[in-house]
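There are 2 protein chains.
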Amino acid sequence: MDRKNRISMAVIRRLPKYHRYLKDLLERDIKRISSKELSDIIGFTASQIRQDLNNFGGFGQQGYGYNVEELYKEIGKILGLDKNYKIIIIGAGNLGQALANYTNFQKEGFHVDAMFDINPRLIGLKIRDVEIMDMDNIEEYVIKNNVDMAIICTNKDSAQDVANKLVECGIKAIWNFAPTDLKVPDDVIVENVHLVESLLTFTYLYKTSKE
Amino acid sequence: MDRKNRISMAVIRRLPKYHRYLKDLLERDIKRISSKELSDIIGFTASQIRQDLNNFGGFGQQGYGYNVEELYKEIGKILGLDKNYKIIIIGAGNLGQALANYTNFQKEGFHVDAMFDINPRLIGLKIRDVEIMDMDNIEEYVIKNNVDMAIICTNKDSAQDVANKLVECGIKAIWNFAPTDLKVPDDVIVENVHLVESLLTFTYLYKTSKE
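First to last, the protein sequences are chains G and X.
In terms of the working numbering, the first sequence opens at residue 1 and continues consecutively.
In terms of the working numbering, the second sequence opens at residue 1 and continues consecutively.
Bear in mind the hints are in silico, worked out from the structure with no lab data behind them.
What you were told as hints is all true, and nothing was included just to trick you.
In this list, chains with the same sequence are indistinguishable; a pair is considered to hold if it fits within one copy or across any two.
Below 20 Å or equal to it, Euclidean Cα-Cα: the simulated SDA-like pairs (lysine to any residue) are: (1) Lys156 with Asn101; (2) Lys126 with Gly93; (3) Lys107 with Glu27; (4) Lys86 with Cys169; (5) Lys17 with Asn192; (6) Lys86 with Val190; (7) Lys36 with Phe56; (8) Lys83 with Glu211.
Just need the whole structure built from these sequences, with the hints factored in.
Given below as structure tokens:
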């Protein structure tokens, strides 16, 4: 099924937000919800919500609304959360360690299996139960352990070399926190979290709000 | 000048990327660049680049291209980087500590002045030269120290209360890392970094790339 070509990135980027709000509703024991009520809490229009969810077959029923648990599970399945993922982190500095410690990922089925660094002072340490290993061992590790995804938390100057190495090892998904744009083959997915760019946009909005 | 109403968010979100690439060019001692060359490295089309930069007065010259240093400085000014900003971080857990340690922010003129937490085991500790203070002292601190921005790194359940407190103290800019959407008055700028949402989008793309 060639779903990724049919659904726009804009819709895809909204799905995690639906997923988060539906989880909150479930935790508050709310069983069903109309697109209007969902609109009031999420902030998208009701028609936007109906249109978005129709992309995936439409789970609502006229006059009844959406079954919260069913919709939550379905969106989870669409996002791929019906399986677990093995993740490695490259770059075991402060940010890498913070991500290894970030329990919200584990709650969604993501498990950080190992971290890698070139710094001998870090190699051998454990962050929670995650060992920091020597970058020289990464290829062997990835192949033996069926790693799904890699998170790059190195500085910008090392990031492209690390990405090349990961691609060589067969990694097809890189979540990149280094402040640079990686060049990878077409079959490798890269999602960037550019913290400095977010901060600069934020600063612009702050600055202009005072003018 | 009512700049923020004239320029679309899409353009604004591209400015930090221009800023980053121009900095790289400066570091490589490149003095001028055409929109075509800039296009080759940034990945936006040359016409997009000319259009974007025209929003701010257009710094290019026909047949000469852009003066890299001038353009870099001008975009920095537009983003508000011609002054320094005092930041506090609320939530001194792993992520908060990692952000306090993140040297890329300091390079752009952002200084983390203090961190706040409710956890007595953290209060009094220092992360680099940044002290972790008791949340009870935040109001006094913000008012005394002319704090510009606050970063929320708490869990989702505390984030709204923290935001309310910050608004009470007069903070007008909140960079939010908690996985929740904050409700704040219209004159307060909130920029979200939703890490779990980024991870879930990434997972969707990874999953569908294998189908």
